[in-house]
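Protein chains in written order, with my numbering: chain C, 1 to 393; chain B, 394 to 702.
Source of the hints: derived by calculation from the structure; they are not laboratory data. Misleading hints may appear alongside valid ones.
Unchecked claim - Covered, in the sense of this in silico footprint (three residues per stretch, anywhere, with C-beta under 8 Å from a C-beta of chain B), are these stretches of chain C:
(1) 67-76
(2) 247-254
To be verified - Some residues of chain B that are not near chain C, with every Cβ distance over 12 Å (derived):
(3) I564
(4) S632
(5) L646
The beta-carbon is built from N, C-alpha and C at its ideal position, and this holds for glycine as well.
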Amino acid sequence: MHLFLRRLSLLGDALSHAVLPGIIAAVVLSGSTNAFYVVCGALVASLLSITAVRLLTNAGLSSEGALGVTFTTFFALGVLGLNIFGSQIDLDPSCILYGSLELAPLETFPLSAQFGAHFEVPRAAFSSLLTLVAVTIVIVSRRRRLMITSFDSEMLKLSGSSTLNRFDSGLFFAVAAAAVVNSFFAIGAVATTGILITPAVIARLFSNSMRGMWIITIISTTGIACCGYLLAVVFDTPVAGAVSGLAFLLALLAVFLSPHGGVLPRLIRGKLLILKIATDHVLANKLDDEKQLTNLNSRNPRSSNGFFMLTWLRISGLMAQDGTLTEPGLRRAQTLVRSHRVWESYLVNELKFAPDHVHEPSDRMEHFLTPDLTEKIADQASLSEKTTLGKKS
Amino acid sequence: MIAETLPFFFFPSSFLSLSVLPTSHVALVILGASTIGALLGAAGSIMLLRREALLGDSLAHCTLVGVVCAFLLTGRKDFDVLFLGALISSALGLIIIKAIQSIPLIKPDAALAVVLAGFFGLGLIGLRTVQVSALGNKAGLDSFIFGKAALMTSSDVSASLVIAIIIFIVIFITRRSLAALCFDSQGLVSLSSPIRWAQVIVALILLSAVSVALPATGIILTCSLLIIPGCIAKFVTRSFNYYVICASCMGALSGAAGTLLSFYFENVSTGASITLAATFFLLLILSLRKCRSFFRPTPRLLTVTQERS
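Only chain C is shown next, with the shape it has when bound in the complex (with noise of 0.2 Å):
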């Protein structure tokens, strides 16, 4: 979740593509599958990106370029690994795509005798657990140096000289190279991209806080994880397409949905919004001067329709059945002028606007000032009731 905060999503997809060189020469060399030979490739290789990406910067390439350059290098290399030596060692392409997670029950791996030499792990399971109490020790016991490090770019750089600082930094990165070597290995390469940050997305559209957003972050990702694996067993799919498929669809259910962030309640706030201001443009007008309903139209070329218009003051009660304001109606267009007149004498007293400036920016903040808000502008600029600049067009 850290690396979708400090905008370094794709390093996770680039990390991903980056170790494989890593993790084939790791295997080649050493002749086993064994997790720790691999697990020091994968670590050897992420180091040789990271120094390749900076290398690249340095010499000219832009940022985005640098990072795109070497992990599909560095995938390239791994890929050829693959093609040459990969009937020696078990490891097929597929294998990075969809990972192993089926095949985990059978890999065993025998715990040590203190633990009862019955017990069989799973290796894929135990390797995961290692992991997962790892990440948990590093994020826990950093956790407050990294939500200021992840929101403020400029307290990175400065506290980015002391020697403690970069120990800090490295060992995020390592662990979450580990984090994602291990998943790696489990659901495979792009499905791993998708669990590092979709869960995140799903996180920042529900909540604002660091807490919610942990909270919300582990669920899903725990929840995602079972069911999708659940979904794969029950309709014989790879378990990499499930878990990546499930984790995508309520990402886009949370996109769409989501209340203070999603694509759909934000469109209908904005309809509802552009119905209040035209609205109280009415009512003002309707306070000014007794023009004829039919002008409606003229005034308000963002409104789609005065009929609409109307018939939503009536049902709000601002406005009887026969086009007069009523009370609650007649109140509020009050207080809108009133606005409107505060706020141009503000500014032409104030901050020393034009007077001709004034009707405009009043327009708009006529709808946002509440009535006490007013009533201190008012007081302070001293002002009396009767002001007519700007009149009202």
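Assemble chain B onto chain C, guided by the hints.
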């Protein structure tokens, strides 16, 4: 059903394959790979200038779903069919990416990652469905993932030639708008050219390039041929027109070289070899620059320094 709606592709394709294309398999495949490389280089160079380089990677992963669905619906592995499928699904992916990016809460690259992984995951499900289905000739679909140019037939090559020529003509016609879009989108708006159309055209160029590239470079490594030729061309010239031309030449060169290499080493996926060839050229140019900088100051690079709208 789809065959009747594609006479537009079939006719020039068959014409080309009967008369113009070389008959030797090696030459054919190299021509195909060069075409694809040229198109990707041109499209990718524009995206690199717009700082949207990794968008191409996302879109390339989106094409898997389309390819699989096209195969499932029609039962044929013709290039035209798969191209259409890839185009449609990556267009869908692009729309979703833009929708997610429009939310201020979410950073732009997170949208890329989400869509990349999601679509590719759905595509993997589809791939498994294909594998267990009873349809025939399904073996070649896997080659789309890592790229195997040697599997291109003459109809594939001619179809990609046709598409590439069309896209190059489009780029040539709109080159002023493309340059303006990259460097000065405010100016484009003030000239009251519809900026929407320019953006749509850029998107279409990218989508077609990505969909065409599938046989040669495969899905995962298409973005290498989008980014690397653009990077190389940045060091070579400062004019926009020459930049695009140089990028597509470098792309074609990488495609050809990579495919040649994959003929020597039998098992290698062409996606990997093309990427490595492109990187080789990049390192070549970089070291030439370093040598040159010992003797005289190096010229500035082609960069975009203004805010994008």
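Verification of the hints:
1. 67-76: Holds: 7 residues of the region 67-76 of chain C have a Cβ under 8 Å from chain B.
2. 247-254: Held - the region 247-254 of chain C has 5 residues with a Cβ nearer than 8 Å to chain B, which meets the minimum of three.
3. I564: With a cut-off of 12 Å, B/I564 remains clear of chain C, as the shortest Cβ separation is near 20 Å.
4. S632: It holds; B/S632 is separated from chain C by about 18 Å at its closest Cβ, greater than 12 Å.
5. L646: holds, 16 Å
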